[in-house]
Amino acid sequence: MASIKFFRNLTQERIVFGLALAVFIACAFTLNGFLATDNLIAIVRSVSVLGILAVGMGIVIIGRGIDLSAVAIMAMSVAWYLQMLQSGVPGGQALALTLAGVVAIGLINGFMVAYADVPAIFATLASGAFVYGFCRSQLVHQDATPVPQGNWIEGLEQIPDWFDQAVHIPLAAIPVEVFFFSSFAFVAFLFLRFTKWGHYVYLMGDNFMAARNMGIPVRPMTVLRYVISALIAFSAGILTAASLHSINVRVVNSTLLYDVILVVVIGGIGLSGGKGGMRNVIVGALLIGIMLNGMTIIDIPNIYQNLIKATILLVAIVVDSLVNPRDEQTAQQGDI
Amino acid sequence: MKLKRMLAAIALVLLGALAVNTVATAADDVGTQDPGAKPYAEALKGKRVVLIPMAMGFDLAQGWAAYLKHEVENWGGVFETRDPNWDVNAHAQAITDVISGAQKPDVLVIHSPDLNSFSKLLKKAQKEGIYVVLIDNPMNFPADAFVGSNWYHLGELEAEAAVKACEGKSKQIGLVQGDAANASSIYQYNGIMNVLKQHPDFKVVAEPFSNWDPTTSRNVTTTMLQQNPDICAVIDFWDGDATGASAAIKDAGKTDQVALVTTGGGETVDCKALEDGTFYAVVMTELAGQSRDMNAIIKFLLQSGVKPGTSTTYIYTLEKATTKADLKPTSCWDLKSLQAGAF
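Chains as they are written, first to last, in UniProt numbering: chain A, 1 to 336; chain B, 1 to 343.
You may find that some hints are simply not true.
Said to hold, decoys possible - One side of the interface only, derived from the structure: several residues of chain A facing chain B at Cβ under 7 Å:
1. Asn293
2. Gly294
3. Pro301
To be verified - Pair ranges (Cβ atoms, derived):
4. Leu307/A x Gly36/B: 37 to 43 Å
5. Ala36/A x Met193/B: 53 to 59 Å
6. Gln138/A x Ser311/B: 41 to 47 Å
7. Ser137/A x Pro39/B: 37 to 43 Å
8. Gln198/B x Ala96/A: 27 to 33 Å
9. Thr268/B x Phe130/A: 19 to 25 Å
10. Pro217/A x Thr255/B: 51 to 57 Å
11. Ala102/B x Ala96/A: 29 to 35 Å
12. Lys272/B x Leu139/A: 21 to 27 Å
13. Gly133/A x Phe343/B: 45 to 51 Å
14. Pro329/B x Gly33/A: 22 to 28 Å
15. Tyr314/B x Ala96/A: 51 to 57 Å
16. Leu139/A x Ala102/B: 30 to 36 Å
Unchecked claim - If the Cβ cut is set under 8 Å, some of the chain B residues that face chain A in the computed set are:
17. Phe58
18. Pro214
19. Gln227
20. Asp230
21. Thr243
Think of the hints as simulated: they come from the structure by calculation, not from any bench.
Since we're looking at a predicted model, the values are computed, not measured.
The beta-carbon is built from N, C-alpha and C at its ideal position, and this holds for glycine as well.
Here chain B stands alone, though its shape is the one from the complex (with noise of 0.2 Å):
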């Protein structure tokens, strides 16, 4: 009796002093412990997020992808790209591959190679509970988010530039169209314009299309220099064709009296091409700024609780037209040292 009473009393003592430590374990907690760290660990922990750009194999998607790999496998995500390389048919399938296959991802980063082609595909990805972002590319699809230019005001930008290179010249400006089906073209196309307007004594005296190809901008940007000699700046949609209207000025020996503004992904090339003054001025996408909002929006996504398809948030990237005055040593980003990890 007397042993049972001494080990009960013993057993109250423990129990209490557990007790005791307890409480005082759990007040310590929430003095010290980040209430948010559990619930975004748990959150974002093995959560896919595959992005599929137009191709793998130019500089912004292989930025994007780079950066984002590195921020999603840090935050204890996995990551996955598909390459439709310029493909719309491929891509397309690739999406389908992707919504319909067993591991389905919880996050899809799209960048669209037109207004409307994917939207019945992106919509069945929501109804299976996917968020779609898109990028770069605007598309007519309430996406969960849009991250990107807003190709109008980069339009804009780069109507500012041409105008201000050409003062006290002849007024004549061309552009070299991307094609008539992508949003980056049309929009950019309309923002020149507005610009335009509102320099009456403007005119823009040719609009050819390039197709996104380098030698049909050189052979449109040749037929347009000599139709209209006195041209004083040429607009071209992308620096990946402007390599080609840079090569016609420089075969009309025109590169003094001709301003070449184009926009583009902002690497290292842009910004030699600006340096020896093949481009008079680029608006430069800012990658990192770029991705990191990407980065940003796919994690508030995934601890939003909201139900993918039912809100649209549209983040625009903070652009400028860059020319040869203001480029700095960190105007651009080096895709080589991005790989090789360099952040």
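Next comes chain A alone, as it looks inside the complex (with noise of 0.2 Å):
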């Protein structure tokens, strides 16, 4: 019985905390330096911009959806605004500009996804390419755009000293996109969990058609979701080009998508919605670390990290299908 019960407990979360915490252990072991303060807060800002874009994938996936064009709004949406900053418009237009420009986006996606039936993994993986290809094109004439001295995104380098005061924590230590990250993910935990339209999320990618039928606003609701994941996507590419004082619109093309997606899954975040929150992002995101940190401390070739990635996340789906077996009363035909 006992065993039983043991198995029940099992959730994916829980494998994977458990994963995290041996890796982590391992490594605590074996690794010189691992254990260090630095290196920890290392662990958790390497993975601050992957955890905030899964945070809005999270928010995306719950609900029974997808949103492969995450990583090319983050890119394009910066570069274009840092575009304009270069080419000499004032700094709120430009602001104004793209903010609409990445809430087009999202809606246009939620549109494809909520009204015109489109599953989200072809309107966005259409949406995608279309913004990268549209902004490289027309909008921004070089992969990496510098940003101009003096921007107030060089201030997001560091938390401000007023901020480090009114709050009497000594917060100047951690990097700030560990703060935000914990921010983002705090915020959209409070929505998911405190709020009427957090629950329709979760009933919507439980059952869609009962959400329906209870009167809840599905479509409008589907919409909102993709414009929320383009605003949190807008916001990392923020924090990349402070922290970086550029943004390379070459991560289009890298693996970054498929990361933000393997940090959801491993977390414990069913593909197939309705399950897992922020909690689980947040697990996924430092076994990912972890592991990263951990590769790079050893010296692993690049192609082998990707193998090792890979093979976890393919162990991840795996055994998201035998725990959060799919419903055969809800599954339904362009169900990702």
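Combine the two chains into a complex, taking the hints into account.
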């Protein structure tokens, strides 16, 4: 009996948390300097941007969808914004235009999925490619666009003193990315857990037809999720630009998007929707962070790192489908 | 009868005058006209030159394109580019399209992503009578010419700069490599190691790959600095991702202790980074000279009568490591003014 109970409690989140803990302990014992405070902070920071993107992706996936345009939106919106600043467009105007563009893409994604009934995976795959192609050919003239000197983005590099003093905690030692990642995760947690719309996201993810019959405004809610995801992607881009003093749109062709999905799925947010929360995103991000850090310390070449990540994603997906079997009643064609 | 004779006489006189005149002009020609101008113009007129770099979206490619366009169009040729945008498949596709298209180019200028990928395609191009000029990244393929950096020597220059920066410090060096397939990364590494062999007290403490991505470069450099707090120099294999390494060094508060050495296109961003201390040394590509070399070898091939695929010429660009101390107003080139037509 006890063993059955144990297996029933073995949710994917717990498996991953256990795994993360195991990897952590193994690294702590075998790798010199792994446990140093600076290294631990670096681990969290290295996954912050990834984590923020995963917060947006998490919200979309919980409501049974997926946003493959997130990384394109992240890079292209910020590149366009910086490009406008370079060519002398006033800051406020440039920001307003960029935000309008970001919201527009979110709306288009949402409308395609909610009203035109295009499967999310295709709609966002196409819109992501469109955003990249359009911006790269029409709006952004080179891969890397630097942040102009004295721009407010540079100020994001560090938590400002006034804020530090206002909250009476010495935050200056914490990298600003970590601070943002926790804030985004916390706000998303409050949204999902304590607001009506947050509950709608779960209900829609769990059983879309039932949610619709209940009278939940499923279509506007779907649109809302994609707009939120686009805005979070933009924020992640701004943060990237703050830390590197430039944005490089080559990131769209990198494995970042898959890493985001990796974090979400590995953390235990089922791809079939309705399950999981921000805790899963944090656990997933931590496991990836610890692994990447460990692999860098042992000097594993990039291609092997990708292989290891891919293997873990495969295992996570298999475990996901075993632990969260598809619900015959609610599964439908076009599900991802 | 009389009239006939008179007409004949006049005709004879006219003819004679004409003949004398022609001979005189001909003699004149030999004396004052350049014998090269005509065959030069004939050999080059209307020749198509197609540049296919790894992507058009970065400083070097845009610089090459601006120079070559300017030169080729001025000697009467046609210049085109294709943009595979870092995608090897798209790159191969672009080459295939160009060599099997209706208007075949006469010269194909290729910036290869690795040592082998395009060998077959380029061989086919040569068979079709197209000269193949490789630029920047060498290949295991006998192209008609290679113009670009001697990456091995470039690595040596970087290592020498790093060794100099480490004087009186720990003698620990960290590398941030590009990838494991690109000639520029592999040869650079070998060059660095060759110099460090001559300095046995130096040690490479870590050599992660960045995959040419600044975020990865930042993360691996952060870890590297934490594992080896005494590092005195980091060599990042490209300025495009060295921004990440520099951010990591800054985060660690080690800007004064760790010298960042890299290589780049020599656009104004490189000079700015040298000036504000982000980079300690940059081995810069002298773009104008390199592009002129490309133009010269293209003009040579088109006039030489050499059959494509029968000869190989290497033209390495002169390079040196530039530090803040030897920065001059002319050290860098400016993409914007180049594209605006200022050469």
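We went through each hint and held it up to the structure:
Restraint check, asparagine 293/A versus chain B: the minimum CB separation of about 6 Å is within 7 Å; hint holds. The restraint placing glycine 294/A at the interface with chain B is violated, with a minimum CB-CB distance near 9 Å, outside the 7 Å limit. Annotation: proline 301/A was flagged as interfacial toward chain B, and the flag holds, the nearest CB pair being 6 Å apart, inside 7 Å. Checked against the given bound of 37 to 43 Å, the beta carbons of leucine 307/A and glycine 36/B, roughly 59 Å apart, lie outside it.
The hinted window of 53 to 59 Å between alanine 36/A and methionine 193/B is violated, with their beta carbons roughly 29 Å apart. The hinted range of 41 to 47 Å is satisfied by glutamine 138/A and serine 311/B, whose Cβ atoms lie roughly 43 Å apart. Hint check: serine 137/A to proline 39/B, Cβ distance near 41 Å, so the stated range 37 to 43 Å holds. For glutamine 198/B and alanine 96/A, the Cβ-Cβ distance of about 58 Å falls outside the hinted range of 27 to 33 Å, so the restraint is violated.
Hint check: threonine 268/B to phenylalanine 130/A, Cβ distance near 32 Å, so the stated range 19 to 25 Å is violated. Judged by the Cβ atoms, the range 51 to 57 Å given for proline 217/A and threonine 255/B holds: they are separated by roughly 54 Å. As the Cβ distance of alanine 102/B to alanine 96/A is approximately 47 Å, the hint placing it in 29 to 35 Å is violated. As the Cβ distance of lysine 272/B to leucine 139/A is approximately 24 Å, the hint placing it in 21 to 27 Å holds.
Restraint check, glycine 133/A to phenylalanine 343/B: a C-beta distance of roughly 31 Å breaks the suggested window 45 to 51 Å. Evaluation of the 22 to 28 Å hint for proline 329/B and glycine 33/A yields a failure: the beta carbon distance comes to about 44 Å. Under the hint 51 to 57 Å, the C-beta atoms of tyrosine 314/B and alanine 96/A, about 53 Å apart, fit the expected range. Between leucine 139/A and alanine 102/B the beta carbon distance is about 33 Å. The supplied range of 30 to 36 Å therefore holds.
At its closest, the beta carbon of phenylalanine 58/B sits 5 Å from a beta carbon of chain A; the interface hint therefore holds under the 8 Å criterion. At its closest, the beta carbon of proline 214/B sits 5 Å from a beta carbon of chain A; the interface hint therefore holds under the 8 Å criterion. Residue-level restraint check for glutamine 227/B holds (minimum Cβ-Cβ distance to chain A is 5 Å; threshold 8 Å). With its C-beta approaching chain A no nearer than about 12 Å, aspartate 230/B sits outside the 8 Å limit, and its interface hint is violated.
For threonine 243/B, the shortest C-beta to C-beta distance to chain A is roughly 5 Å, which falls under 8 Å, so the interface hint holds.
Taken one by one, the earlier hints fail for this structure at numbers 2, 4, 5, 8, 9, 11, 13, 14, 20, listed in ascending order.
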